[in-house]
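S.K.: Single-letter residue listing:
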Amino acid sequence: MSELLSRTPLFALHVELGGRIVPFAGWEMPVQYTGIIEEHMAVRQTAGLFDVSHMGEARVRGRDAAKFLDGIMTNEMATIRVGMARYTVMCQPDGGCVDDLIVYRLAEDEFLICLNASNAPKDIAWMRAHIGSHQVEVLDECAAWAQLALQGPLAEKILALVTSTPLASIKRFGFVFGEVAGAAGCLISRTGYTGSPGFELYLPAAAAEKVARALLAAGKPHGLVPAGLGARDSLRLEANYPLYGHEISAQISPIQAGLGWTVKFTKPAFIGREALHRQAQGGPVSSVVLFSLDDRRIARQGAVVFSGETPVGEVLSGTQSPVLGKPIGTALVAAGHAASATLTVDIRGHRLPLRLATEPFVK
Amino acid sequence: MSNVPADLHYTKDHEWIKVAADGTAVIGITDHAQAALGDVTFVDLPKVGASFNHGDVFGTVESVKAASDLYSPISCEIVEANADLNNSPDLVNREPYGGAWMIKVKVKNPAELAALLDAAGYAATL
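In order, the protein sequence lines correspond to chains U and W. Throughout the first sequence, residue numbering follows the working numbering, covering 1 to 363 in sequence. Throughout the second sequence, residue numbering follows the working numbering, covering 364 to 489 in sequence.
Rather than coming from a laboratory, the hints here were simulated on the basis of the structure. The C-beta atom is built at its ideal place from N, Cα and C for all residues, glycine as well. Hints are supplied without guarantee of correctness; some may be wrong.
Quick look at which bits of chain U chain W covers, simulated, 3 or more residues with Cβ under 8 Å [claimed, not checked]: (1) 26–37; (2) 293–299.
Just some of the chain W residues that point at chain U, by a computed CB distance under 10 Å [to be verified]: (3) A384; (4) D402; (5) T404; (6) E425; (7) S426; (8) K428; (9) A430.
Based on the sequences and whatever the hints tell you, model everything.
M.R.: Now the structure itself:
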């Protein structure tokens with residue numbers, strides 16, 4: 001193995017806490033500390049702290065920043081109010097996804113964008129390649145920021161123990177800059193990727209360890225545990241949040257992925273608009289469904305989905321839902337099968353019925 | 364460090380075997396294996412009477428993270444499969460050498476037992 005893996009500013013803390021380190025998207029990250037199910041349930045019942053410093057950040061600023069972003073993002077950018085964030089997809093001309101992102105409006109002419117770890121260099125190159133005549137610059141700030149996600153019903157109570165910044169006034173998808181554990185200049189955002197309430201903290205990289213230790217110490221009496229990427233994945237799947245490379249990809253558009261609400265055809269022009277519009281009007285060739293199984297076997301990525309004896313799709317993500325106590329997953333199925341009550345999935349020779357879900361398993 | 368009891372035999376695939384004097388043996392997975400798998404959610408075991416050759420897949424142990432095949436360490440016939448694992452697959456994490464034994468088998472070819480690792484030999488592979 002010659003691939004060089006990056007480490008977040010919290011790597012030593014992960015090792016000290018007993019995290020099991022695995023390679024993920026070019027980073028050495030903890031997949032779990034004590035166990036995925038325990039960490040998952042802590043987030044649903046008390047709180048969990050995730051290091052998500054592998055995520056990338058880009059700053060977009062200049063007179064034309066909003067106009068520029070509206071030309072490359074599917075969601076509306078100009079209407080984001082300063083102090084608010086919005087989820088969006090960035091598409092290729094054919095409608096496939098370059099990435100899905102959270103865009104924070106820092107000022108009228110300045111935005112901070114959160115990028116998926118594995119896509120960050122590609123995203124920044126893509127944005128720069130589409131600047132054209134816009135008065136805007138795209139700054140790579142991936143190394144400047146660390147990110148922590150504090151998630152769970154007790155997240156606000158725990159965060160309040162280590163910050164003087166008022167939290168109650170931060171709305172969902174709102175954010176403020178403030179001090180956390182003595183570290184100035186932290187972006188405190190009421191967002192998350194778990195389906196439980198909580199915050200995401202963008203921290204100057206040098207402050208990350210101090211903030212993480214302060215949160216863990218203050219939160220421990222309230223049930224806060226460090227949580228790894230394993231629980232992050234099972235939590236996001238229960239909440240039906242897409243993961244790039246699974247539910248969305250260069251081959252799976254936001255329309256196919258059920259993210260049509262992020263695609264604003266009221267905007268006159270953005271990259272991918274025509275292809276996405278055709279899919280939205282005529283129906284996509286295939287689409288993503290959410291399912292559970294009444295079994296103990298987990299249908300994992302690549303498992304084949306059948307209608308009768310005909311293969312009609314494949315599993316994109318699969319795990320055990322700790323909340324349901326059943327396997328759950330997503331699958332890409334051919335047009336006409338997304339509402340079928342008779343789909344099955346093959347798991348090592350066993351054909352199990354897919355129970356399609358129309359709502360996330362947690363809200 | 365994982366626990367490697369001295370009175371068992373092992374394979375490099377992280378299974379343990381306890382051979383009895385009556386020509387039967389009990390088979391499970393090691394402490395190292397359960398720790399690597401993480402939270403076990405399901406154990407798929409064969410029916411009584413099924414026969415396996417050395418190296419055949421006799422079942423699957425499934426954790427939140429991955430499904431792993433179980434390889435028969437010897438040629439054998441299933442005498443009993445541990446029904447407790449149906450309702451409590453997490454026994455594999457808690458008692459890998461005790462309550463989470465997986466299959467009890469009739470040994471078909473005692474000569475194969477000589478190829479198994481002893482505790483020291485297995486510990487050296489970890």
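S.K.: For each hint, tell me whether it holds in the structure or not.
M.R.: Comparing the hints with the structure gives:
1. 26–37: holds (count 5)
2. 293–299: Holds, because 3 residues of the segment 293–299 of chain U bring their Cβ atoms closer than 8 Å to Cβ atoms of chain W.
3. A384: W/A384 check fails; min Cβ-Cβ to chain U is 35 Å, beyond 10 Å.
4. D402: With a closest approach of 5 Å, the W/D402 hint holds.
5. T404: holds, 5 Å
6. E425: The hint holds - W/E425 has a Cβ within 10 Å of chain U, the shortest such distance being about 6 Å.
7. S426: holds, 8 Å
8. K428: The hint holds - W/K428 has a Cβ within 10 Å of chain U, the shortest such distance being about 6 Å.
9. A430: holds, 7 Å
In this structure, only the earlier hint numbered 3 is contradicted, and the remaining ones agree with it.
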